[in-house]
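Chemist: Here's the letter readout for the chains.
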Amino acid sequence: MIMSRSKAPEREDIEALLPWHAAGTLSRRDAERVEQALSQDAELARQFELVREEMAETIHLNETLGAPSSRAAQRLFAAIEAEDNPGTTHRSMSFNFSAWTTNLIEQLSPRTLAWSAAAAAVAIFVQAGVLAGLLLTTEYGGGSSYQTASYNEPAPVTRGISVPGASAPGAFALMRFNPAASAADITRFFDSHKASVVDGPRAGGLYRIRVGANALPNDELAKIVARMAEEKNVVAFIVPAQ
Amino acid sequence: MQATTDEALISRIAGGDRLAMQVLYARHHVRVYRFVLRLVGNASVAEDLISDVFLDVWRQAGKFESRSAASTWLLAIARFKALSMLRRKPEEELDEETAGAIEDPADDPELAVQKKDKGEVLRKCLSALSSDHREIIDLVYYHEKSVEEVAGLIGIPEATVKTRMFYARKKLSELLKAAGVDRGWP
Numbered sequence: 001m002i003m004s005r006s007k008a009p010e011r012e013d014i015e016a017l018l019p020w021h022a023a024g025t026l027s028r029r030d031a032e033r034v035e036q037a038l039s040q041d042a043e044l045a046r047q048f049e050l051v052r053e054e055m056a057e058t059i060h061l062n063e064t065l066g067a068p069s070s071r072a073a074q075r076l077f078a079a080i081e082a083e084d085n086p087g088t089t090h091r092s093m094s095f096n097f098s099a100w101t102t103n104l105i106e107q108l109s110p111r112t113l114a115w116s117a118a119a120a121a122v123a124i125f126v127q128a129g130v131l132a133g134l135l136l137t138t139e140y141g142g143g144s145s146y147q148t149a150s151y152n153e154p155a156p157v158t159r160g161i162s163v164p165g166a167s168a169p170g171a172f173a174l175m176r177f178n179p180a181a182s183a184a185d186i187t188r189f190f191d192s193h194k195a196s197v198v199d200g201p202r203a204g205g206l207y208r209i210r211v212g213a214n215a216l217p218n219d220e221l222a223k224i225v226a227r228m229a230e231e232k233n234v235v236a237f238i239v240p241a242q
Numbered sequence: 001m002q003a004t005t006d007e008a009l010i011s012r013i014a015g016g017d018r019l020a021m022q023v024l025y026a027r028h029h030v031r032v033y034r035f036v037l038r039l040v041g042n043a044s045v046a047e048d049l050i051s052d053v054f055l056d057v058w059r060q061a062g063k064f065e066s067r068s069a070a071s072t073w074l075l076a077i078a079r080f081k082a083l084s085m086l087r088r089k090p091e092e093e094l095d096e097e098t099a100g101a102i103e104d105p106a107d108d109p110e111l112a113v114q115k116k117d118k119g120e121v122l123r124k125c126l127s128a129l130s131s132d133h134r135e136i137i138d139l140v141y142y143h144e145k146s147v148e149e150v151a152g153l154i155g156i157p158e159a160t161v162k163t164r165m166f167y168a169r170k171k172l173s174e175l176l177k178a179a180g181v182d183r184g185w186p
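Protein chains in written order, with the numbering used here: chain F, 1 to 242; chain E, 1 to 186.
No lab work stands behind these hints, which were simulated from the structure alone.
Be a bit skeptical, because a hint or two may be false.
Claimed, not checked - Result set (SDA-like, lysine to any residue): computed pairs, CA atoms no more than 25 Å apart in a straight line:
hint	chain 1	residue 1	chain 2	residue 2
1	E	Lys118	F	Arg52
2	E	Lys170	F	His60
3	E	Lys177	F	Asn62
4	E	Lys63	E	Ser11
5	E	Lys63	E	Leu83
6	E	Lys81	F	Ala180
7	E	Lys171	F	Pro9
8	E	Lys81	F	Glu81
9	E	Lys177	F	Gly66
10	E	Lys81	F	Ala78
11	F	Lys232	F	Leu216
12	E	Lys81	E	Ala128
13	F	Lys232	F	Leu221
14	E	Lys63	F	Ala180
15	E	Lys171	F	Glu49
16	E	Lys177	E	Tyr167
17	E	Lys171	F	Gln47
18	F	Lys194	F	Leu221
19	E	Lys170	F	Asp41
20	E	Lys170	F	Ala78
21	F	Lys194	F	Asn178
22	E	Lys89	F	Arg75
23	E	Lys171	F	Ala236
24	F	Lys232	E	Asp56
25	E	Lys170	F	Leu44
26	E	Lys118	F	Gln47
27	E	Lys171	F	Ala73
28	E	Lys170	F	Thr25
29	E	Lys170	F	Pro9
30	E	Lys81	E	Ile156
31	E	Lys63	F	Ala73
32	E	Lys170	F	Gln40
33	E	Lys63	E	Asp6
34	E	Lys63	F	Ala82
35	E	Lys171	F	Thr25
36	E	Lys118	F	Gly66
37	E	Lys81	F	Ala236
38	E	Lys177	F	Leu17
39	E	Lys81	F	Ser69
Only a predicted model underlies this, so the values are computations on that prediction, with no experimental measurement involved.
When you get a sec, could you build the whole thing from the sequences and use the hints?
Modeler: So, in structure tokens, the structure goes:
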């Protein structure tokens, strides 16, 4: 009885490994264990035949699913072509601004036209900046807010990537996108908050966004930023930028 | 002459080599497509998704660490994209699409039994499994993934992988029995 009890888990274990043995994906040690058990246990060997039968039909079923049309390849390589000069540094960023913009344009609606155009302009400028080998540093102010090279006058032009309009009047924030945010989520986010990207990405993947057409009192700006911060599916980090 | 390994191709892709991208696509796109098609049940959607999968490879190649096989990495990206898409789409719409893509209403398992085609019954029953069970059976039998690879791909412990596979096979036997094929197991 004790022996049968101790044998049962071993047999169950072997039984569970049969599908992987049939597929040839077991380690040598496990494969030898299964082979040995199969040679001594007729019922297990019969089960193994059932497994092989299942495997054969699974392969048959999958092989009859066909292959994708050339449309899939065309779509892929057109998208790759559209990626402007993809360098390693550019594509290893956790948030790929160019890719994001490409996706965004695909989903463009009339309502988001103005914002999308601004994003495209930023993408072009960012890539020019990457090619020029410019490095960004984020400066922390004495208080709780960030001070950005492009916003605080006078700032050396080479310290940051800036775009036309970045120093225009308005209320601003610095934000980092949630890497899992989809293009649709981001579009909705900017649409609902009437916000737009004006600059970035900066060090740490930060973007400068305009959240109001005119400068706002600190408390009002803080409220807007707090509302935006609630949208965690899009916002990983956000602070007011004065 | 030895073919360039997937890992070497991915390394070249990280450097912006489009030819390497074409080779990797040619090697893997059919299997990735079939994996995605079995998950989403719609050929057009599956085609769009594999374009997205390989576009992610193009963009993220520098992050590939060779801890898993390239094919496992591709399937993991594909799975993530397929499940994200399934979550976004209304359930009823997908059910109709899945049924339309996989099930043949004119030829059910019982009818296949009458035709005495056991293989066809088995394939019908494989298609009738739940998506979790279908997925693990495909990964083990067709995509030849080890216990460890399936665990990493699906994000479950290795013991759960074995258990899930066991129950998928058990359910398959039950469906076969209901269709008139008694395999005497379990």
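Chemist: If you test the structure against every hint from before, which numbers come out violated?
Modeler: 9, 20, 23, 27
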